[in-house]
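Colleague: This is what each chain is made of:
Number of protein chains: 2
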Amino acid sequence: MSNNKEKPIGIFDSGVGGLTIALEIMRKLPNENIVYFGDTARVPYGTKSKETIIHYSRQIVKFLKEKNVKAIVVACNTASAFALDTIEKELDIPIIGVVKPGAKASTQITESKKVGVIGTEGTIKSKIYSEYIKTLDPEIEVIGRACPLFVPLVEEGWTHDMITEEVAERYLEEMKASGVDSLILGCTHYPLLRTLLKKVLGDSITLVNPAYETALSLDELLRENDIASDGDKGTFDIYVSDDPEKFKKFAKKSMKEYADRVDEVTQINIEEY
Amino acid sequence: MSNNKEKPIGIFDSGVGGLTIALEIMRKLPNENIVYFGDTARVPYGTKSKETIIHYSRQIVKFLKEKNVKAIVVACNTASAFALDTIEKELDIPIIGVVKPGAKASTQITESKKVGVIGTEGTIKSKIYSEYIKTLDPEIEVIGRACPLFVPLVEEGWTHDMITEEVAERYLEEMKASGVDSLILGCTHYPLLRTLLKKVLGDSITLVNPAYETALSLDELLRENDIASDGDKGTFDIYVSDDPEKFKKFAKKSMKEYADRVDEVTQINIEEY
Numbered sequence: 007m008s009n010n011k012e013k014p015i016g017i018f019d020s021g022v023g024g025l026t027i028a029l030e031i032m033r034k035l036p037n038e039n040i041v042y043f044g045d046t047a048r049v050p051y052g053t054k055s056k057e058t059i060i061h062y063s064r065q066i067v068k069f070l071k072e073k074n075v076k077a078i079v080v081a082c083n084t085a086s087a088f089a090l091d092t093i094e095k096e097l098d099i100p101i102i103g104v105v106k107p108g109a110k111a112s113t114q115i116t117e118s119k120k121v122g123v124i125g126t127e128g129t130i131k132s133k134i135y136s137e138y139i140k141t142l143d144p145e146i147e148v149i150g151r152a153c154p155l156f157v158p159l160v161e162e163g164w165t166h167d168m169i170t171e172e173v174a175e176r177y178l179e180e181m182k183a184s185g186v187d188s189l190i191l192g193c194t195h196y197p198l199l200r201t202l203l204k205k206v207l208g209d210s211i212t213l214v215n216p217a218y219e220t221a222l223s224l225d226e227l228l229r230e231n232d233i234a235s236d237g238d239k240g241t242f243d244i245y246v247s248d249d250p251e252k253f254k255k256f257a258k259k260s261m262k263e264y265a266d267r268v269d270e271v272t273q274i275n276i277e278e279y
Numbered sequence: 007m008s009n010n011k012e013k014p015i016g017i018f019d020s021g022v023g024g025l026t027i028a029l030e031i032m033r034k035l036p037n038e039n040i041v042y043f044g045d046t047a048r049v050p051y052g053t054k055s056k057e058t059i060i061h062y063s064r065q066i067v068k069f070l071k072e073k074n075v076k077a078i079v080v081a082c083n084t085a086s087a088f089a090l091d092t093i094e095k096e097l098d099i100p101i102i103g104v105v106k107p108g109a110k111a112s113t114q115i116t117e118s119k120k121v122g123v124i125g126t127e128g129t130i131k132s133k134i135y136s137e138y139i140k141t142l143d144p145e146i147e148v149i150g151r152a153c154p155l156f157v158p159l160v161e162e163g164w165t166h167d168m169i170t171e172e173v174a175e176r177y178l179e180e181m182k183a184s185g186v187d188s189l190i191l192g193c194t195h196y197p198l199l200r201t202l203l204k205k206v207l208g209d210s211i212t213l214v215n216p217a218y219e220t221a222l223s224l225d226e227l228l229r230e231n232d233i234a235s236d237g238d239k240g241t242f243d244i245y246v247s248d249d250p251e252k253f254k255k256f257a258k259k260s261m262k263e264y265a266d267r268v269d270e271v272t273q274i275n276i277e278e279y
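Going down the list, the sequences are from chains B and H.
Take any residue in the first sequence, count from 1 to its spot, add 6: that is its number in our numbering.
Take any residue in the second sequence, count from 1 to its spot, add 6: that is its number in our numbering.
Extracted from the complex, chain B is given alone in its bound form (with noise of 0.2 Å):
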């Protein structure tokens, strides 16, 4: 096995907010080479259907074999929850969703037994969390809240504003109503409001990000299988469907301290896988 050591890691999302995972799994495991992709002319995947996020993995993931990657880490959540074991039972490599890392930790906080998820209107309907976290701990009561308009007010840049705390203080007053003491952060944008979310919820719920519990996982399962790279610092090819000069300028901003890493962005026609 020692000749896919330094095999990439390939990354995909909907669009730029795997970039999220990406940046943590190069803190975590900076000698790993990684190819990410991000289908952003199909971008958001959150409120389309089950099949039609199964076609874009399938397409998806037939591209990153190409490119010969070791292992796949799906950093969408709604691909997780609609396609991950769809996908996995067709594969001979690994792959890792974000959804069980995050609900796994999640697990791990929670006192009161109730632990609160939000996402995109698809994980949500999905209850992939719930499942999840019901087979980890059965008493763990589980409360879920699509808030779709999260990702647009991300995308305007309004992470630190006064309306976006008001859309923030509408969908989430039942969830500071339930007891929970741990909230799922269910979609990749949703670090980028993280501070303001604080804010809203107040000092007794934590916050689980699960592209940190992603990173720790995908480092465990390359030790399992002996796929760790023992290499020097990575490379990071980006690929993605639409425009690249516009995910490039937000990968750049996106990847602090990595941001140098961020060279060529290329564009690819999916529909060809």
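One should not assume that every hint holds.
Claimed, not checked - What the simulated footprint calls covered on chain B by chain H, stretch by stretch (three residues with Cβ under 8 Å from a Cβ of chain H suffice, anywhere in the stretch; the number is not a length):
no., region
1, 51 to 63
2, 159 to 166
Claimed, not checked - Using C-beta positions, here's what the derived DEER-type ranges look like:
no., chain 1, residue 1, chain 2, residue 2, range
3, B, Glu94, H, Glu171, 45 to 55 Å
4, B, Pro36, H, Glu179, 39 to 49 Å
5, H, Glu179, B, Glu263, 30 to 40 Å
What the hints assert, rightly or not - The calculated lysine-lysine pairs, modelled on DSBU-like cross-linking and capped at a C-alpha distance of 30 Å, are:
no., chain 1, residue 1, chain 2, residue 2
6, H, Lys131, B, Lys262
7, B, Lys254, H, Lys71
8, H, Lys71, H, Lys56
Think of the hints as simulated: they come from the structure by calculation, not from any bench.
Here the structure is a predicted model, which is why all the values come from computation and not from measurement.
Where a beta carbon is used, it is the ideal one built from N, C-alpha and C, also for glycine.
Got chain B sorted already, so can you dock chain H onto it with the hints?
Modeller: Below, chain H without anything else, positioned relative to chain B:
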């Protein structure tokens, strides 16, 4: 040409928004058969690149041609802005968009010679309204403003809501101060915000809904080409690229007095075209 008269009119949009255009066409031309395509698997178009929108529009036109349409209405402002000119050159049947009819109407209303346009990022950045209005009257100044949160707010159902009002106040502050006396609703979702926008903008600004103007233009186009239907009550066939049931529910509500024409909604794989 007489055998062409009973062929259907093709209408397409990125999703449900174009139903407002279909409704106005039915009101004006109740005997026309209509084939509607909503690209719900790839919605929205407003944030995507020109090249991607041309590629999507080509696929849809190919599908509509297979359905044997006699003319095509591009019911989406972004696709009208980005793809109409290109597609028109490649096509052997008449095609119209929503931009020119709406732009023309605004030039007939304005007395201050200042016209406003609101729309998606793509539509506003394209400057298509501005360019076309200037060919009609070079003295008219056009003030554009992208309002990316309006579509998600409408889809959330918050069409008469304090938060939406605050968003509109912020987006339209400069527009109000600019002296425009007519404002083009340059996105098919926006007519649903008509009441709220009137409240925010006051009585001195007339709202222009391109849907009505587009139906008038289509009527003219069919007569000019001698392909207007002389048959009975028209049919309405709906095709979508994602979940048909969700679309059907929305269409039943949107089509008002023509709700009974919404029967089967069929899903197709638009990537195959």
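Colleague: Do three or more residues from the region 51 to 63 of chain B put their C-beta atoms closer than 8 Å to C-beta atoms of chain H?
Modeller: holds (count 5)
Colleague: Measure nothing beyond the straight line between the CA atoms of Lys131/H and Lys262/B; if it is 30 Å or shorter, mark the hint as holding.
Modeller: 29 Å, holds
Colleague: Tell me if the beta carbons of Glu179/H and Glu263/B are separated by a distance inside 30 to 40 Å.
Modeller: 37 Å, holds
Colleague: Counting residues of the region 159 to 166 of chain B that have a beta-carbon nearer than 8 Å to any beta-carbon of chain H, does the count reach 3?
Modeller: holds (count 3)
Colleague: Holds or violated: are the alpha carbons of Lys254/B and Lys71/H at most 30 Å from each other?
Modeller: 37 Å, violated
Colleague: Is it true that the CA of Lys71/H sits at most 30 Å from the CA of Lys56/H?
Modeller: Status holds; Cα separation ~22 Å.
Colleague: Range hint 39 to 49 Å: satisfied by the CB atoms of Pro36/B and Glu179/H?
Modeller: 46 Å, holds
Colleague: Falls inside 45 to 55 Å, the C-beta gap from Glu94/B to Glu171/H?
Modeller: Holds: the Cβ-Cβ distance is about 46 Å, inside 45 to 55 Å.
The structure fails hint 7 only (numbered hints given earlier).
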